[in-house]
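> This is what each chain is made of:
2 protein chains.
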Amino acid sequence: MTTKEIADAFTALCKAGKFEEAGAEFWADDVVSLEPMTGDMAIARGRAAVEAKGAWWYANHEIHKVEVEGPFPHGDQFAVIFAMEVTPKGGQRMAMREIGLYTLKDGKIVEERFFYGG
Amino acid sequence: MTTKEIADAFTALCKAGKFEEAGAEFWADDVVSLEPMTGDMAIARGRAAVEAKGAWWYANHEIHKVEVEGPFPHGDQFAVIFAMEVTPKGGQRMAMREIGLYTLKDGKIVEERFFYGG
Numbered sequence: 001m002t003t004k005e006i007a008d009a010f011t012a013l014c015k016a017g018k019f020e021e022a023g024a025e026f027w028a029d030d031v032v033s034l035e036p037m038t039g040d041m042a043i044a045r046g047r048a049a050v051e052a053k054g055a056w057w058y059a060n061h062e063i064h065k066v067e068v069e070g071p072f073p074h075g076d077q078f079a080v081i082f083a084m085e086v087t088p089k090g091g092q093r094m095a096m097r098e099i100g101l102y103t104l105k106d107g108k109i110v111e112e113r114f115f116y117g118g
Numbered sequence: 001m002t003t004k005e006i007a008d009a010f011t012a013l014c015k016a017g018k019f020e021e022a023g024a025e026f027w028a029d030d031v032v033s034l035e036p037m038t039g040d041m042a043i044a045r046g047r048a049a050v051e052a053k054g055a056w057w058y059a060n061h062e063i064h065k066v067e068v069e070g071p072f073p074h075g076d077q078f079a080v081i082f083a084m085e086v087t088p089k090g091g092q093r094m095a096m097r098e099i100g101l102y103t104l105k106d107g108k109i110v111e112e113r114f115f116y117g118g
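Chains S and E, in that order, give the protein sequences.
Residues 1 to 118 in full-length UniProt numbering are what the first sequence lists, from first letter to last.
Residues 1 to 118 in full-length UniProt numbering are what the second sequence lists, from first letter to last.
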């Protein structure tokens, strides 16, 4: 599959709200997930850690709406824009806009790197 | 300056329509500019080549509108979303959405990499 084919398939799953399925299908076993922060959440290494990060996110945020735009491919990478409305547990409802930058190797996502606006 | 400070200053110039000034202030002398295509325009190496690419773009496109969103920082990188309406010389007016991913070193942009949706 080309970058565009993988990017289209991954993004289509995200647009259908199937984020975990998108990861299950396309994450490499040694995928690395990078957040723009310090501390324990900054980097998750390996599929089990990345899945645990996702599970933590879903357990600690009520997700009201996610809009997904893209993909935006370039070489072995593609970007996706996410617009979300979420309420963190015990917090206020908020709007977030985020870019996910995905790097492929051998048809799998080996790195996902998130950028936040604001 | 931090990544966020540089990203904010660069993006503020872009939001003011001052794209060439943004480059003049923040491009490193050895900046590399990467487009998701093959051929001569795929890579421009060095400030003179990147400036020439910009001059070519402005000479060959009528720009009706540019909306700039961001920045979205992460580590030594930041992303900016551009929404444009342009008419290529001899062509049809079209809407484009593009993500620019900028990599900093020593306070200057050493790489800009563009991602197109569609």
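Honestly, the hints are just simulated from the structure, not real lab data.
Check the hints yourself; a few may be wrong.
Straight line, CA to CA, 35 Å or less: simulated DSBU-like cross-link-like pairs of lysine-lysine [unchecked claim]:
# : chain 1 : residue 1 : chain 2 : residue 2
1 : S       : Lys65     : S       : Lys4
2 : S       : Lys18     : S       : Lys89
3 : E       : Lys105    : S       : Lys105
4 : S       : Lys108    : E       : Lys89
> Would you mind marking each hint as holding or not holding in the structure?
A quick look at each hint next to the structure:
1. Using a Cα cut-off of 35 Å, the hinted pair S/Lys65 and S/Lys4 holds, with the two alpha carbons roughly 26 Å apart.
2. For the given pair, S/Lys18 sits about 22 Å from S/Lys89 by alpha-carbon distance, which is consistent with the 35 Å threshold.
3. Restraint check: the Cα-Cα separation between E/Lys105 and S/Lys105 comes to about 26 Å, which is no more than 35 Å; the hinted pair holds.
4. With a C-alpha separation of about 39 Å, the suggested pair S/Lys108 and E/Lys89 falls outside the 35 Å cut-off, and the hint is violated.
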